[in-house]
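Protein chains: 4
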Amino acid sequence: MISAWNELACVKRELAARDWFPGTSGNLSIKVSNKPLTCLVTVSGKDKYKETEEDFVLVDQDGKALTEQGKPSAETVIHLEVYKRTDAGCSLHVHTLDNNLISELYAEKGSITFRNVELIKAFGVLDADGELTIPIVENFADLPTLGKVVGEQISADTKAILIRNHGITVWGKNAFEAKRHLEACEFLFSYQMKLLHAKALNLKEVL
Amino acid sequence: MISAWNELACVKRELAARDWFPGTSGNLSIKVSNKPLTCLVTVSGKDKYKETEEDFVLVDQDGKALTEQGKPSAETVIHLEVYKRTDAGCSLHVHTLDNNLISELYAEKGSITFRNVELIKAFGVLDADGELTIPIVENFADLPTLGKVVGEQISADTKAILIRNHGITVWGKNAFEAKRHLEACEFLFSYQMKLLHAKALNLKEVL
Amino acid sequence: MISAWNELACVKRELAARDWFPGTSGNLSIKVSNKPLTCLVTVSGKDKYKETEEDFVLVDQDGKALTEQGKPSAETVIHLEVYKRTDAGCSLHVHTLDNNLISELYAEKGSITFRNVELIKAFGVLDADGELTIPIVENFADLPTLGKVVGEQISADTKAILIRNHGITVWGKNAFEAKRHLEACEFLFSYQMKLLHAKALNLKEVL
Amino acid sequence: MISAWNELACVKRELAARDWFPGTSGNLSIKVSNKPLTCLVTVSGKDKYKETEEDFVLVDQDGKALTEQGKPSAETVIHLEVYKRTDAGCSLHVHTLDNNLISELYAEKGSITFRNVELIKAFGVLDADGELTIPIVENFADLPTLGKVVGEQISADTKAILIRNHGITVWGKNAFEAKRHLEACEFLFSYQMKLLHAKALNLKEVL
Numbered sequence: 001m002i003s004a005w006n007e008l009a010c011v012k013r014e015l016a017a018r019d020w021f022p023g024t025s026g027n028l029s030i031k032v033s034n035k036p037l038t039c040l041v042t043v044s045g046k047d048k049y050k051e052t053e054e055d056f057v058l059v060d061q062d063g064k065a066l067t068e069q070g071k072p073s074a075e076t077v078i079h080l081e082v083y084k085r086t087d088a089g090c091s092l093h094v095h096t097l098d099n100n101l102i103s104e105l106y107a108e109k110g111s112i113t114f115r116n117v118e119l120i121k122a123f124g125v126l127d128a129d130g131e132l133t134i135p136i137v138e139n140f141a142d143l144p145t146l147g148k149v150v151g152e153q154i155s156a157d158t159k160a161i162l163i164r165n166h167g168i169t170v171w172g173k174n175a176f177e178a179k180r181h182l183e184a185c186e187f188l189f190s191y192q193m194k195l196l197h198a199k200a201l202n203l204k205e206v207l
Numbered sequence: 001m002i003s004a005w006n007e008l009a010c011v012k013r014e015l016a017a018r019d020w021f022p023g024t025s026g027n028l029s030i031k032v033s034n035k036p037l038t039c040l041v042t043v044s045g046k047d048k049y050k051e052t053e054e055d056f057v058l059v060d061q062d063g064k065a066l067t068e069q070g071k072p073s074a075e076t077v078i079h080l081e082v083y084k085r086t087d088a089g090c091s092l093h094v095h096t097l098d099n100n101l102i103s104e105l106y107a108e109k110g111s112i113t114f115r116n117v118e119l120i121k122a123f124g125v126l127d128a129d130g131e132l133t134i135p136i137v138e139n140f141a142d143l144p145t146l147g148k149v150v151g152e153q154i155s156a157d158t159k160a161i162l163i164r165n166h167g168i169t170v171w172g173k174n175a176f177e178a179k180r181h182l183e184a185c186e187f188l189f190s191y192q193m194k195l196l197h198a199k200a201l202n203l204k205e206v207l
Numbered sequence: 001m002i003s004a005w006n007e008l009a010c011v012k013r014e015l016a017a018r019d020w021f022p023g024t025s026g027n028l029s030i031k032v033s034n035k036p037l038t039c040l041v042t043v044s045g046k047d048k049y050k051e052t053e054e055d056f057v058l059v060d061q062d063g064k065a066l067t068e069q070g071k072p073s074a075e076t077v078i079h080l081e082v083y084k085r086t087d088a089g090c091s092l093h094v095h096t097l098d099n100n101l102i103s104e105l106y107a108e109k110g111s112i113t114f115r116n117v118e119l120i121k122a123f124g125v126l127d128a129d130g131e132l133t134i135p136i137v138e139n140f141a142d143l144p145t146l147g148k149v150v151g152e153q154i155s156a157d158t159k160a161i162l163i164r165n166h167g168i169t170v171w172g173k174n175a176f177e178a179k180r181h182l183e184a185c186e187f188l189f190s191y192q193m194k195l196l197h198a199k200a201l202n203l204k205e206v207l
Numbered sequence: 001m002i003s004a005w006n007e008l009a010c011v012k013r014e015l016a017a018r019d020w021f022p023g024t025s026g027n028l029s030i031k032v033s034n035k036p037l038t039c040l041v042t043v044s045g046k047d048k049y050k051e052t053e054e055d056f057v058l059v060d061q062d063g064k065a066l067t068e069q070g071k072p073s074a075e076t077v078i079h080l081e082v083y084k085r086t087d088a089g090c091s092l093h094v095h096t097l098d099n100n101l102i103s104e105l106y107a108e109k110g111s112i113t114f115r116n117v118e119l120i121k122a123f124g125v126l127d128a129d130g131e132l133t134i135p136i137v138e139n140f141a142d143l144p145t146l147g148k149v150v151g152e153q154i155s156a157d158t159k160a161i162l163i164r165n166h167g168i169t170v171w172g173k174n175a176f177e178a179k180r181h182l183e184a185c186e187f188l189f190s191y192q193m194k195l196l197h198a199k200a201l202n203l204k205e206v207l
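Chains as they are written, first to last, in the numbering used here: chain A, 1 to 207; chain B, 1 to 207; chain C, 1 to 207; chain D, 1 to 207.
For the record, the hints were derived by calculation from the structure and aren't laboratory data. Check before you lean on any hint, since a few could be wrong.
Identical chains blur together in the list; that is why a pair holds if it fits in one copy or across any two.
[Unchecked claim] Below, a list of computed lysine-lysine pairs in the DSSO-like style, where the Cα atoms sit at most 27 Å apart: (1) LYS121 x LYS71; (2) LYS109 x LYS71; (3) LYS64 x LYS121; (4) LYS64 x LYS194; (5) LYS109 x LYS50; (6) LYS204 x LYS50; (7) LYS64 x LYS50; (8) LYS121 x LYS148.
Just chain A, same shape as in the assembly:
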């Protein structure tokens, strides 16, 4: 479990350096065992820009704390959905301006699809005509409901899900892959926003 703790602490430090935990938002987890399912998850309400010995707590498949560091994140239910439905080893949930913006603008479409942009390679999409689709679900203040809604969107091909005005949940087989997916998503979201502005303003007409 020490190795899992260190792996999660490391990715938390890197995402903190990117300022992806404003106002104590965001939560992270890493799987520790499969049978029974246990994972380390961030403790609720802490300042994730700081590093302490109470940053993570071990939980079981029902989200019950197995160690004493504190209360697990209220959104642990979403992480558990990811581990139950995929072979993911690490799951990351963060709020950024552009993931919130994309989640709002594309909410009615229910998803966003990227193609013809090199960064989708970070998801293993290597074909010239390949594409990457990220589902978008509505936000629910009731977390079991939110967990269920997110869970229903998870399939073998999904690697990330946007929650409307509530950030992204992204995963990978380990912290390295989850972070690679997250960095690529954020680049793609920011790039898409810039392309939309360019299109709305007809920038090609003023070159």
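Dock chains B, C and D against the given chain A, drawing on the hints supplied.
Chains B, C and D alone, transformed into the frame defined by chain A:
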């Protein structure tokens, strides 16, 4: 007082890392005692990106310096209004581009209200239909007048006040909570600006 | 080779600090010998925000690994084109939002030209009426094809090439010069995007 | 001179952390003596993100090197104009996206004036109806000409001058004051750009 000093020094360092003190702007305080009211406040005119033993000075309820580090910030009057009218333990005033921009755009409305965005949870607003309102007051070069005007907007529900083209004042029961409120405000302001651009440009029409 | 390794490690660290390797994208190389041509190139698929002893691998003129650190970047072919056609000693390929955006907006023109902006001096353009042109090529998932297409655009005057939605390749006689060219390009791209927005919005009319 | 060197090295480090020296652009100086006039100025063409013992060279009132660190910045002539016409002790010249953008948009007006924004206090403008004006001059590839043109705009009230598409020159009685002026200018430029966008897009209509 050493503990209060360290707590304030720590939050100052974190806000400096975010570049929230351009041109020596901004001022911070932390309450040291209730009866009589005393607080540590940033010394006037210093470069808050640097850390020195003269960063803060203890002041009484009238803003008079009780220690020798230097002249208290000219805006100490605003911090005292916060401590006299709330149970806050820490108050932060910073200038950012987006808090200035929101303060200018919404000035005539007198306030800005956020709803349907997850980050308002940082203020303890947990209901699905909850909302967060931040009052906006006009700026006054005369600081006692500004203190009075800010003070009049402070109620039990207020956690932050915008001053037109003059940044935000935000508080919490301690430095941790004040910083959480501030980070959430800045995220909400920046997000609102991006939403306004999206709306003005009809971005949903060009998806 | 130790000196070349250190020079490349140093520029990698500096570009990582700028966040120019999202999602493990980007690749870098430095020439080690001319006859036969060998160079150190980044190992494929690694997190370039981290520093390890397996970051770079020595390759020959056909891109074949001569040391054991791992698989050379799939885009090594582009670096080799640069070394075969110029006297460059270092070649850098990174993805940024604005280099992707410029590559997309100007793709049909086939190039972008800068004039009347001081930063083109970084390319040795010192005359009052001097200019800097950067070719733009289409992206190809097939890397030998991409290498060929990029190679065809390289001439004595070229110092950088944009690949549509796939970032920039830029070079110089050493890592210092390559980085100077890259920093200047990114400034010019971001500045051009801001100028285009200003033009499309007629900002001069609302001063 | 050691103290002046350290003061200049310190401000260089702080501006480097803000990424204000892209592509080796920018130059800095600090006055060492009045009669005769000597100052330390950045050596030409160096990477200002690095710190070395050859970063600065002492020059006389004609810009001639008095020590051996290397060739003085080609724009030393502008720094000397500042010292000859004011009581400044430190002068800073940097390129940022927004100072270039403001210099271009307002070039035909010949200056930009700020009022009703708190940050002009960084220039000692404390009155409710005070204002700050920054002249803008055309750029000249010929540096003696540029020095002359900049010099003609310097008066007792000037603290900063914009050169069209060529950044800002700003000064103060010492490095601390020069940096305060520079940080305030950059905030004001960025804020003005955001206000112009808001105006052009009629953002107040879509609140």
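Do the hints match the structure? See the list:
1. In this assembly of identical chains, the alpha carbons of LYS121 and LYS71 lie at most 27 Å apart only when taken from different copies (17 Å versus 37 Å within one copy).
2. Neither within a single protomer nor between protomers do LYS109 and LYS71 lie at most 27 Å apart by alpha-carbon distance, with minima of 36 Å and 40 Å respectively.
3. Only between protomers do LYS64 and LYS121 lie at most 27 Å apart by alpha-carbon distance; the minimum there is 23 Å, versus 37 Å within a single protomer.
4. In this assembly of identical chains, the alpha carbons of LYS64 and LYS194 never lie at most 27 Å apart, being 42 Å within a copy and 38 Å across copies at closest.
5. Taking the shortest alpha-carbon separations for LYS109 and LYS50, neither the intra-copy value of 38 Å nor the inter-copy value of 37 Å comes in at or below 27 Å.
6. Taking the shortest Cα distances, LYS204 and LYS50 never come within 27 Å of each other, neither inside one copy (45 Å) nor across copies (38 Å).
7. In the homo-oligomer, the alpha carbons of LYS64 and LYS50 lie at most 27 Å apart inside one protomer (24 Å), although the nearest pairing across protomers, at 34 Å, exceeds that limit.
8. In this assembly of identical chains, the alpha carbons of LYS121 and LYS148 lie at most 27 Å apart only when taken from different copies (21 Å versus 29 Å within one copy).
In summary, the structure is inconsistent with hints 2, 4, 5, 6 from the numbered list given earlier, while agreeing with the others.
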